[in-house]
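Protein chains: 2
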Amino acid sequence: MDKKISGQLQQLYACYSSDTFVTQSVDKIALGFEGIKDDRHAGMTRKSDARTPWYTRGTDIKNTRQLSLVSTEELETIAQKMEVESVKAEWLGANMLVSGVSDFTLLPIGSRLFFDNGAVIVIEGENLPCINPAKVIAAYYQNKDLEKRFAKAAKEKRGVVAWIEKEGMVHAPSQFKIMLPRQRLYPGLMGK
Amino acid sequence: MDKKISGQLQQLYACYSSDTFVTQSVDKIALGFEGIKDDRHAGMTRKSDARTPWYTRGTDIKNTRQLSLVSTEELETIAQKMEVESVKAEWLGANMLVSGVSDFTLLPIGSRLFFDNGAVIVIEGENLPCINPAKVIAAYYQNKDLEKRFAKAAKEKRGVVAWIEKEGMVHAPSQFKIMLPRQRLYPGLMGK
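Sequence lines, in order, name chains A and B. Quick note: the first sequence uses our numbering, first residue 1, plus one each step. Quick note: the second sequence uses our numbering, first residue 1, plus one each step.
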């Protein structure tokens, strides 16, 4: 825990439906090794999809996309770039809305978030923008043009996905701390 | 798979004992989501230990140390630095001995290794040198002084630990490919 970054957990969300990825605000969530119990993305494994193009679609793989996190600051930037009043965390299927962490989406793979009550999650990586949230935003504002603008506006701002390392209850609002992994660029590719 | 690195899988090992971490050579291994079936380090979860000092020892956490990998080139360097004839993979409790990957221990967190028969593992990170392999080496060469030399000689050369993302049989000798994650340093700490 050399380098500690603190952040605020503003709001929690879950999706208990198989019909939509849009999440709904909840007071607290129980994080288990499988994710949020009964949530759409819960599971020790999942089927590979467009996010893992190196696998045949539908292959069973370890589930490292149990949670989706976004930040208030980055959502505001996306909204400004799209020229809309706001972009809501639930439209992006987020489970956690945080604030106070600069460049939140660029947190390194392997960063750990320590929540107040003991739960710990590990960042799997950036959540690349895709068309589904864009459709939700366009539908809300009844402006089809917004669909095309989302991916560009959300580049490196769309938050991260994470998996649960240590179980626990999480409530919001609350605080969390971030432990960054040791960072260095791989020397094995230098000069190649 | 922008940047492909190839490597050779030279030898496989497993440890089916609870009395020692020293591994034994095997022809093939079945990688499941829990790791190597019946191996000492198999499991979807594990108890936290000295490797995870940020948790109370014995806490249930997700198991991302299912496999230990070392490289022939780095083992040779360790042996040279320790001034011994050789340091064997099994003394370090390794499950895979690879060759042909420069700076193997420094592969980034999140690097994926694709094996011939379809199994895929993800690098959790560097395996920090500890005292147990040092004791095995010192005992083999009947030279107690070697215990102290191991950690320094093995710095950034002791290999990596990994978890299974996609199941499959793995045999050796065989080939594998490495997909590096997107690499960049976290800008959020600049100037802090």
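The reader is advised that the hints may include incorrect statements.
No copy is singled out in the list; a pair is fine if it fits within one copy or between any two copies.
What the hints assert, rightly or not - Computed list of lysine-lysine pairs in DSS-like fashion (alpha-carbon distance at most 30 Å, straight line):
#	residue 1	residue 2
1	K152	K88
2	K28	K47
3	K28	K148
4	K144	K37
5	K135	K155
6	K37	K81
7	K148	K177
8	K4	K144
Derived by calculation from the structure, the hints in this document are not laboratory data.
Cross-check of the supplied hints:
1. In the homo-oligomer, the alpha carbons of K152 and K88 lie at most 30 Å apart inside one protomer (17 Å), although the nearest pairing across protomers, at 51 Å, exceeds that limit.
2. For a Cα distance limit of 30 Å, the shortest separation of K28 from K47 qualifies both inside one copy, at 27 Å, and across copies, at 26 Å.
3. Taking identical chains as interchangeable, the C-alpha atoms of K28 and K148 are never at most 30 Å apart, the minima being 34 Å within one chain and 49 Å between chains.
4. Taking the closest pair of Cα atoms, K144 and K37 never come within 30 Å of each other, the shortest separation being 35 Å inside a single copy and 52 Å across copies.
5. In this homomeric assembly, K135 and K155 come within 30 Å of each other (Cα to Cα) only inside a single copy, at 16 Å, whereas the closest approach across copies is 50 Å.
6. Taking CA atoms no more than 30 Å apart as the test, K37 paired with K81 passes in neither setting, with 35 Å inside one copy and 51 Å between copies.
7. Taking the shortest alpha-carbon separations for K148 and K177, neither the intra-copy value of 35 Å nor the inter-copy value of 35 Å comes in at or below 30 Å.
8. Taking CA atoms no more than 30 Å apart as the test, K4 paired with K144 passes in neither setting, with 42 Å inside one copy and 39 Å between copies.
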